Each structure stands twice: as C-alpha cells, then as structure tokens.
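**Q** Okay, here's what each chain looks like letter by letter:
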Amino acid sequence: AQSVTQLDSQVPVFEEAPVELRCNYSSSVSVYLFWYVQYPNQGLQLLLKYLSGSTLVESINGFEAEFNKSQTSFHLRKPSVHISDTAEYFCAVSLLYGNEKLTFGTGTRLTIIP
Amino acid sequence: DTGVSQNPRHKITKRGQNVTFRCDPISEHNRLYWYRQTLGQGPEFLTYFQNEAQLEKSRLLSDRFSAERPKGSFSTLEIQRTEQGDSAMYLCASSSRDGPNTEAFFGQGTRLTVV
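Sequence lines, in order, name chains V and U.
Just so you know, my numbering puts 17 at position 17 of the first sequence, and the rest follows in order with no gaps.
Just so you know, my numbering puts 210 at position 96 of the second sequence, and the rest follows in order with no gaps.
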C-alpha cells in the first residue's frame with residue numbers, strides 16, 4: 001500500500017516570502033504524484049502533477065514541485081507568495097496502473113501574513 | 115457550470131437516521147470516485163465506479179454504506195443508521211480515461227453532521 005506524509009500541518013509565511021511545503025511518499029511500486037489545493041469554502045483543485053519526464057513541474061500560478069525518487073519526495077515551492085495563496089494544500093499519489101484512486105496526505109494549511 | 119455537482123451541500127441528521135447524497139459528474143466522464151474527509155485529515159478513498167460498475171470499495175465503507183451509479187451517470191451514496199463518527203465531508207470526483215492518469219475533478223462536497 002502507498003502512503004503520503006505531510007509533516008507540516010500549518011505553515012505561516014510573510015507575503016512575498018518564499019515557501020516550501022514538504023511531501024514524502026512511500027510505495028512499493030511506481031506512482032504518479034499530485035498537489036491539490038483547497039481554497040476556503042471551495043472544492044479540491046489540481047495544482048500540478050508529475051506523471052513522467054522532467055522531474056520539475058510547474059503550475060500556472062508560480063508554484064513548482066520537484067520529484068526526487070531517491071528521497072521519495074515531491075516538495076512544493078513558490079519563490080514569492082501572495083495573499084491569494086492562502087489555502088490548504090494536499091499532496092497525493094496514485095498507482096501507475098489501476099483505477100487512479102488517490103491517496104492523500106493530511107494537508108498543510110498555508111497562511112500568508114500581510 | 116459543467117463541473118462536478120454535489121447535493122446537498124450540508125446535511126444535519128439525527129443519529130440513527132438514513133441519509134443519501136447525490137453526485138453529478140462531468141457529463142463525459144466515465145470514472146467516478148467517492149472520498150471522505152474528516153477534520154484535520156486528507157480525503158480518504160471510499161469507492162470507485164467505471165460507468166455503472168462499482169469496481170472497488172475501501173474497507174472504510176462499512177455495510178451501512180452503499181453507493182450506486184445507475185446508467186453510469188449520477189451517483190448516490192447512502193448511509194444507513196448514521197453514527198456520530200460518520201460526520202465528515204463527503205467528496206465526489208470524476209475523470210475520463212483519456213491517456214495516462216488524467217485529472218480528477220472534485221465537487222465541493224457534502225458536509226454531514228450527525229447529532
């Protein structure tokens with residue numbers, strides 16, 4: 001079975017400062033990796049995903065994540081955060097072969113301090 | 115709006131009552147998933163449909179839970195004899211099999227409170 005660990009339940013960051021949200025996973029087989037974002041009172045939205053190819057993936061709003069197979073990590077980073085980035089961020093994995101069900105971490109609440 | 119729609123958004127029920135939630139996926143999506151999210155946790159997989167066939171159920175889905183997807187369109191999740199531990203956000207997601215691991219689109223969820 002696979003599992004996802006997000007060690008930081010809450011991360012406060014000053015506006016325009018950089019941020020890193022950590023994600024580590026465990027799986028005996030290869031997985032796809034995802035970051036989902038949940039803004040207040042909204043549903044989950046896909047932020048970015050790693051399926052194959054370049055280990056660095058980017059989102060349209062300035063976030064990026066790097067797949068590190070040796071460290072089984074998929075940390076999310078942004079060089080300069082904005083108030084609008086306040087949300088809960090979930091890391092998730094799914095198996096390469098199967099029904100694409102997602103296994104989520106417990107989430108990291110990102111709070112931007114003006 | 116052509117996203118995933120869930121109804122109701124909120125449900126308060128007394129312990130022991132039955133409740134039913136509905137999910138309308140994106141119309142061309144053949145895959146549908148139910149997840150449960152409790153406070154401070156990430157969503158946990160409950161069950162999966164491909165078209166009308168329920169292909170996988172989590173052991174979290176006790177015999178008080180049943181899900182259907184008649185005709186491969188909308189889906190319902192019923193909880194019988196609700197317990198306080200059933201209080202959670204129930205999320206529905208849909209996707210289409212179109213290439214390697216396509217994106218799952220989530221609804222806004224149904225928040226269940228059992229009192």
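One should not assume that every hint holds.
No more than 20 Å apart at the CA atoms, straight line, and that leaves these computed lysine to any residue pairs for SDA-like [unchecked claim]: (1) 101(V) to 198(U); (2) 49(V) to 168(U); (3) 49(V) to 211(U); (4) 69(V) to 41(V); (5) 101(V) to 195(U); (6) 171(U) to 98(V); (7) 69(V) to 40(V); (8) 78(V) to 100(V); (9) 101(V) to 168(U); (10) 101(V) to 170(U); (11) 101(V) to 117(U); (12) 101(V) to 125(U); (13) 49(V) to 158(U); (14) 171(U) to 100(V); (15) 101(V) to 19(V); (16) 49(V) to 19(V).
Computed list of chain V residues with no C-beta within reach of chain U, every gap over 10 Å [to be verified]: (17) 15; (18) 19; (19) 45; (20) 85; (21) 92; (22) 101.
Selected chain V positions facing chain U (Cβ under 10 Å, derived; list incomplete) [stated by the list, open to error]: (23) 14; (24) 25; (25) 38; (26) 87.
No lab work stands behind these hints, which were simulated from the structure alone.
Quick caveat, the model's predicted, so the values are computed rather than measured.
No residue lacks a Cβ here, since even glycine has one placed at the ideal position from N, Cα and C.
**Q** Confirm or reject each hint.
**A** Comparing the hints with the structure gives:
no.	hint	in the structure
1	101(V) to 198(U)	violated, 26 Å
2	49(V) to 168(U)	violated, 26 Å
3	49(V) to 211(U)	holds, 16 Å
4	69(V) to 41(V)	violated, 34 Å
5	101(V) to 195(U)	violated, 27 Å
6	171(U) to 98(V)	holds, 13 Å
7	69(V) to 40(V)	violated, 32 Å
8	78(V) to 100(V)	violated, 27 Å
9	101(V) to 168(U)	holds, 13 Å
10	101(V) to 170(U)	holds, 10 Å
11	101(V) to 117(U)	holds, 19 Å
12	101(V) to 125(U)	violated, 26 Å
13	49(V) to 158(U)	holds, 19 Å
14	171(U) to 100(V)	holds, 13 Å
15	101(V) to 19(V)	violated, 28 Å
16	49(V) to 19(V)	holds, 18 Å
17	15	holds, 26 Å
18	19	holds, 19 Å
19	45	violated, 7 Å
20	85	holds, 19 Å
21	92	violated, 7 Å
22	101	violated, 5 Å
23	14	violated, 25 Å
24	25	violated, 12 Å
25	38	holds, 9 Å
26	87	violated, 14 Å
The structure is inconsistent with the numbered hints 1, 2, 4, 5, 7, 8, 12, 15, 19, 21, 22, 23, 24, 26, although it conforms to all the rest.
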